[in-house]
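Q: Residue strings, one per chain:
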Amino acid sequence: MNGYGGYAIRMSGVSLKTSHFQLGPLHLEVPAGYVTAIVGPNSSGKSTMFRLMLDLMKPDEGSIEVLGRKIGSGKQVDLLKRVGYLPEEPYRHDNSIRGMDKADFHKFWYPGWDVNYYRELLRVFEVDHSIRLGKMSKGMRRKFDLALALAHHPDLLLLDEPSSGLDPIAWRAMIELLHRYMESGDRTILIATHIVEEVKRLADFIVFMVNGRVLGMYEKDELLTGWHQYHFPGALEHWRGMLADMPGLAGLEDAGGVVRAVTSSAREAEAWLAARELAPAGRKSMELDDILAALVEREKLRRLQGMKGAVQ
Amino acid sequence: MWMSIQLNEYSAEPLYHQIEVQLRALIVSGQLGEGAMLPSIREMAQHLKCSAITIRRVYQDLEAEGLIVTRQGTGTFVAKVDPEERSRHRLEAVISAMREAVAAGMRVQCSDEEMRELFETVLREAKENRSPPAQTGSADNGKEDEG
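These protein sequence lines are chains X and H, in that order.
Residues in the first sequence are numbered consecutively from 1, following this note's numbering.
Residues in the second sequence are numbered consecutively from 1, following this note's numbering.
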């Protein structure tokens, strides 16, 4: 159980500016022994963040530590042997070689390569590794690359949109394999995804990322039980004043004859409502994408207010 | 047996608390007997579709209460529960479930009288429908299998 407690990845003050994109400054600590999901819209900087962690790109500023080793200070071969990485897009440059040749290459570089496990993965995923990588269907290529990322029993798995191209059966197999991977308790997964079901099934922590910035990191179960929405019959004007001080209020809108109030602290909100004898007509927990949307909205507001403040 | 744990997604009650109450009930009622092995943290998390953090918290709490023990490298097991402890814990899950029911009633503005009536009706129905023989001390196994 020694995995619980430390951090597998630490980023502090990491920023990178390109002609059309500003990443960071990022502060992020990924706990060892858990699955952390990075959730956010496309082009929010998730893939760039993975590349920075693997020293495939250099940040303008800030420091990155992976499995206790500082990135960017000389060769990282020993470190990379302990990492499994599934990039968002397969590498095109090895399209002409067969799967088994690529596997031989991995066998050479990764001392932890487990040929039996590799074969089991191919069997579970129904992948024929005698096919040239460029000839594989999108789904098969994904499954093959996933098998490669897992077969050396890495301590840290970096998965960038792993399920893109997978059919539902392969998807289930992947979830099952990742659960098994985590079973020993001292391994870590960082997974970028926008599939809500994937986050629900896998994640322990959720990091919301939008426009190159981390909006926040949350414990999944706390987040999902914390965010609720309530419906109140009547006009928005009537409720606006009444609910202004409701704990965690994160949204109040007219939803066609009823008023919808969103809170990020359901327990406190419910106690607060009960104390005022305000009974909502309906209540619902919220899905991750709704929560993300609410957080993005809140962030926009905050930024607007920040700009106003700067002007004054 | 731990498979009978059911979560209410719509409750604002934290998941770890929901799980803890039910697992404790299974142990103190003797449905999970001394020495019974519990699944690993990951396995339980996967089954309940919640996070390993939540299950870890549950195991830690129950371990602190002396209801379970974790042996390094082998797993987590139900400890010996003394009878006094058992009787103290026995009603906790029931009280918590009643609170939930009362809260649900208050949300739709039931009167006290209506609630009492409902309680009597539900109790009567449960007794009529119960398939013999009655299980002892099972406060919360409304549905047996399913997941």
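A couple of the hints might just be wrong.
Said to hold, decoys possible - Partial selection, computed: residues in chain X whose CB lies under 8 angstroms from chain H:
no.: 1; residue: A103
no.: 2; residue: K107
no.: 3; residue: Y110
no.: 4; residue: M182
no.: 5; residue: K200
no.: 6; residue: D204
no.: 7; residue: H228
no.: 8; residue: S285
Simulated from the structure, these hints should not be mistaken for laboratory data.
Beta carbons: idealized from backbone N, C-alpha and C, even for Gly.
Q: Indicate, hint by hint, whether the structure satisfies it.
A: The hints, checked one at a time:
1. The beta carbon of A103/X is not positioned within 8 angstroms of any beta carbon in chain H (closest approach about 28 angstroms), and the interface hint is therefore violated.
2. The beta carbon of K107/X is not positioned within 8 angstroms of any beta carbon in chain H (closest approach about 28 angstroms), and the interface hint is therefore violated.
3. Residue-level restraint check for Y110/X is violated (minimum Cβ-Cβ distance to chain H is 24 angstroms; threshold 8 angstroms).
4. At about 5 angstroms, the closest approach between the beta carbon of M182/X and any beta carbon in chain H falls short of 8 angstroms, and the interface hint on this residue holds.
5. Here the hint on K200/X is kept, as its CB sits about 6 angstroms from the closest CB of chain H, short of 8 angstroms.
6. With a cut of 8 angstroms, the hint placing D204/X at the interface with chain H holds, because the nearest CB-to-CB distance is about 4 angstroms.
7. A least Cβ separation of about 6 angstroms between H228/X and chain H falls short of the 8 angstroms threshold, and the interface hint therefore holds.
8. Interface hint at S285/X: satisfied, since its Cβ lies 5 angstroms from the closest Cβ of chain H, which is below the 8 angstroms cut-off.
Hints 1, 2 and 3, counting from the list given before, are not met by this structure.
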